[in-house]
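Keeping the supplied structure of chain A fixed, place chain B with the ligands upon it in accordance with the hints.
Listed below are the residues making up each chain.
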Amino acid sequence: MNEMFTTGLSSEPPTDEPLVSVRDLHVRFSTPKGPVHAVRGVSFDLGRERLGIVGESGSGKSQTGRALLRLTAGNGSINARKMVFDGLNLMRASEKTMRGIRGSRISMIMQDPKYSLNPVLTVGAQIAESCRRHENISKADAKKRALAMLETVRIREPEKVYNLYPHQVSGGMGQRIMIAMMLITNPQVMIADEPTSALDVTVQMQVLKLLDDMVRERGMGLVLISHDLQLVSSFCDRVLVMYGGRIMETLDAKNLDQAQHPYTKGLLNCLPRLDGTHDDLPVLKRDPAWLTEPEHADGGLS
Amino acid sequence: MMIDIKDLCITFGAGNHQIHAVRNANLQVAEGDSYGLVGESGSGKSTILRAMVGINARWTGSIEVDGNTLTPKRTVASRKHMQMVFQDPYGSLHPRRTVDDTLSEPLVIHKMDKREDRIIRILKEVGLGPEFRFRYPHQLSGGQRQRVAIARALILEPRVILLDEPTSALDVSVQAEILNLLSDLRKTHGLTYIMVSHDLAVVGHLCSKIAVMNRGEIIEEITEEQMRTGEVEHDYTRQLWTASHGYDRAALESFREFA
Ligand SMILES: Nc1ncnc2c1ncn2[C@@H]1O[C@H](COP(=O)(O)OP(=O)(O)O)[C@@H](O)[C@H]1O
Ligand SMILES: Nc1ncnc2c1ncn2[C@@H]1O[C@H](COP(=O)(O)OP(=O)(O)O)[C@@H](O)[C@H]1O
Ligand SMILES: [Mg+2]
Ligand SMILES: [Mg+2]
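Read top to bottom, the protein sequences are chains A and B.
Numbers 0 to 301, taken from numbering that gives the first Met the number 0, label the letters of the first sequence in order.
Numbers 0 to 258, taken from numbering that gives the first Met the number 0, label the letters of the second sequence in order.
Just chain A, with the same shape it has in the complex (with noise of 0.2 Å):
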């Protein structure tokens, strides 16, 4: 793999430069059973919007969002011509500046806060030291931003959750947390992998307005990963569609209803609708040509 090299920090970039930038993304594990090729030359720009990453289970959307912040496990390797964040290339970076970056500068919200948070900590207490690590604040302080954090994500009686460890909160009320704890502080680049599917709809639909606001507010890029590919596209600006470790499509969420790849489609028709019938579903076949045709793994870029 070639990798082509920028130099460390720049200057603050003009804003209509995009925040990320990958080319040819390659995510590689070796197994007992042999070589995975979990993602194959996946493409994309990141700005300040809503970027969704939507495909089935085992498509390669996680390890895309992991590899952007090198969080790939230890019998993973990655190898891209290109991963850059706000000018610093990702690939080349120290494990140093990593640290520095991850969970303060690009934060990633995963699908099961119970493995996320720490079980011997109170929730408050954490959310409160993601804040003291970040900014020189005093400790009452960063109570208080905590809990007026607890808030925004819509926790109703802060006071009292403050004081609970992760094993006595619910799925929903844990992930919340999560994501309190990511936005205390005030990420650039948000990757939330499957943020909401545990959750139920309206509570799904208020967590994604309180990332919504973080992009409209703050100017985030957000990278939504979900199975979901209806209410990712109802929420992001763009949508990646991925298949076998590659994208199949790139779309202006509005225009899913002109997707042009038949694995995209076949998605949306298989999808049961609250206006459809009671007809058999059409079932998705898939072609083993969408894992050769080169032209659709980096979504147009080169």
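Hints were generated in silico from the structure; no laboratory data involved.
Incorrect hints may appear among the rest.
Capping the alpha-carbon separation at 27 Å, the derived lysine-lysine pairs in DSS-like fashion look like this [claimed, not checked]:
no.	chain 1	residue 1	chain 2	residue 2
1	A	K142	A	K208
2	B	K79	B	K5
3	B	K110	B	K72
4	B	K186	A	K284
5	A	K284	B	K123
6	B	K79	B	K186
This is chain B with the ligands only, laid out in the frame that chain A set:
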């Protein structure tokens, strides 16, 4: 009526910690119909199904199935005609048992004959070839496991199948295949279904009548026509319906909590 439930109340715990998981639920399902139960998590949907199949015995009210009044304690014979399929295709199959073991067990319990024939026939009906018979769960995909779970329910030739979020853990393309299978099986066998889901579109696809639950109560029963138009009685139902159409920032302003 194939299923007639009256004033069903189900509680957990006692004293100050008592939870009224289901309050005065009433519902009727005609033979061969498919009835949906929707609502957010914790609204009591699974609890109703679990009381019906006898997993949970602490309830009051009456449950009648095919003219027989069920008592909280169930006999082996009375369980045969009502089977349940669960959400989690990973957790509901024993990891050390082959498909053949899983399908044989209910036949043994209910002393049914011609086991091998029945197993081969049922696998075919759920779309699995004979090569799946001696596989273990880890050798199956999520969709194949759910087919095995459906086969296990079907092999006793029940009249009623209770489906608890049967496709929630599956990819949408696999969900479509399982929904088609369930729909076929109902027609061929004249089965009566109650299907629980948090997904309005999924229940609407399979069911012609849908009960909406909120905090243990059935607040409204809607028809498929109402499902299409959204012309529903209750604000809670309307909010659920609106949220099921995707993200709508403006509509969110009017969202509220329903206690
Ligand atoms: N540590 C690992 N070792 C081997 N394979 C892995 C590892 N992590 C992920 N994979 C594989 O990478 C592929 C893509 O996974 P993922 O990005 O998690 O998919 P998605 O998020 O779209 O469901 C899958 O086939 C998965 O099994
Ligand atoms: N075994 C149990 N012990 C105590 N509470 C329970 C038990 N099972 C369910 N509940 C409670 O009953 C209520 C309804 O749960 P459930 O029927 O599982 O909801 P749903 O299936 O609609 O998500 C919830 O408040 C839940 O916590
Ligand atoms: Mg994933
Ligand atoms: Mg349930």
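How the hints compare with the structure:
no., hint, in the structure
1, A:K142 <-> A:K208, "holds, 24 Å"
2, B:K79 <-> B:K5, "holds, 22 Å"
3, B:K110 <-> B:K72, "holds, 21 Å"
4, B:K186 <-> A:K284, "holds, 25 Å"
5, A:K284 <-> B:K123, "holds, 21 Å"
6, B:K79 <-> B:K186, "holds, 20 Å"
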